[in-house]
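Listed in order, the protein sequences are those of chains A and B. Heads up: the first sequence runs through residues 1 to 114, numbered per the working numbering. Heads up: the second sequence runs through residues 1001 to 1114, numbered per the working numbering.
The set of hints was computed from the structure by calculation and includes no laboratory data. We treat Cβ as the ideally placed atom computed from N, Cα and C, and that holds for glycine. Among the hints, a few may not be true.
Listing some non-contacts, in silico: residues in chain A with all C-beta distances to chain B over 12 angstroms [claimed, not checked]: (1) Gln6; (2) Gln9; (3) His76; (4) Thr87; (5) Val93; (6) Leu102; (7) Ile113.
Label-pair ranges, simulated between beta-carbon atoms [as the list claims (entries may be wrong)]: (8) Gly1063/B to Gln22/A: 29 to 37 angstroms; (9) Leu1041/B to His72/A: 34 to 42 angstroms; (10) Gly60/A to Ser1080/B: 45 to 53 angstroms; (11) Asp1059/B to Pro8/A: 40 to 48 angstroms; (12) His72/A to Asp1053/B: 13 to 21 angstroms; (13) Thr78/A to Asp1053/B: 19 to 27 angstroms.
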Amino acid sequence: KTQVEQSPQSLVVRQGENCVLQCNYSVTPDNHLRWFKQDTGKGLVSLTVLVHENDKTSNGRYSATLDKDAKHSTLHITATLLDDTATYICVVVDRGSALGRLHFGAGTQLIVIP
Amino acid sequence: DMKVTQMPRYLIKRMGENVLLECGQDMSHETMYWYRQDPGLGLQLIYISYDVDSNSEGDIPKGYRVSRKKREHFSLILDSAKTNQTSVYFCASSLSGTGVYEQYFGPGTRLTVL
């Protein structure tokens, strides 16, 4: 059973537009949540980490929120650039595992067009 | 510059052949991971290593084994590869498996088993 669901599966926006990516999860107990960016043919790169209830983070044009009660996170990308074209992956870390087991979403494929 | 390297980047093998995927990291991280990524699925954990000769099965260990004889190197071995092991394999490392430590990913190895 998939424990991390991301939506939309894919998204096309015009350069300069804003977009919002969603992540819902059922992992329990949850420790923290990370958003990764994966360029085509490359490895994953961490964008931000959310740890506490109602955490909000900002990393340049990327900002994220976490609602642990609702088990929901959003990633906002402001004023998109062509280089934002990538797959964005939500990862929830399982606090119940001694080794901090990671649960990966399948990702949202974002395409930014001119 | 913190880095995780993987060799080879691309590999084509015939069914029944043995496969060796190599991973290195220069950050003295304790914990290393092997994942596979298939289209439409989140990354799946094959094995975790939390130090030299201290390895633990992940969610899909069948058909794989690992070796970690030095902290900076972690190998994934497929004895008698199968066509359903065609995938992209990612290695990652983390300072520790617990706590809010970032995972650093390699660029991936694309394995095709014919």
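Right, here's what the structure says about each hint:
With 12 angstroms as the threshold on Cβ separation, the claim that Gln6/A sits away from chain B is violated: the shortest Cβ distance comes to roughly 9 angstroms. Residue placement check: Gln9/A does not keep its beta carbon more than 12 angstroms from all beta carbons of chain B (closest about 9 angstroms). Listed as a non-interface residue, His76/A keeps its Cβ farther than 12 angstroms from every Cβ of chain B; the least gap is roughly 21 angstroms. Not every CB of chain B lies more than 12 angstroms from the CB of Thr87/A, the least distance being 10 angstroms, so the non-interface label is violated.
Listed as a non-interface residue, Val93/A fails to keep its Cβ farther than 12 angstroms from every Cβ of chain B; the least gap is roughly 8 angstroms. Here Leu102/A does not stay apart from chain B, with its beta-carbon only about 7 angstroms from theirs, under the 12 angstroms limit. The beta carbon of Ile113/A is kept farther than 12 angstroms from every beta carbon of chain B, the shortest such distance being approximately 22 angstroms. Between Gly1063/B and Gln22/A the Cβ separation comes to about 34 angstroms, which falls inside the hinted range of 29 to 37 angstroms.
Hint check: Leu1041/B to His72/A, Cβ distance near 21 angstroms, so the stated range 34 to 42 angstroms is violated. Roughly 47 angstroms separates the CB atoms of Gly60/A and Ser1080/B, a value that falls within the hinted 45 to 53 angstroms. For Asp1059/B paired with Pro8/A, a C-beta distance near 26 angstroms fails the hint of 40 to 48 angstroms. Look at His72/A against Asp1053/B: about 40 angstroms separates their beta carbons, and that is not inside 13 to 21 angstroms.
Taking 19 to 27 angstroms as the suggested C-beta distance range, the pair Thr78/A and Asp1053/B does not conform, at roughly 47 angstroms.
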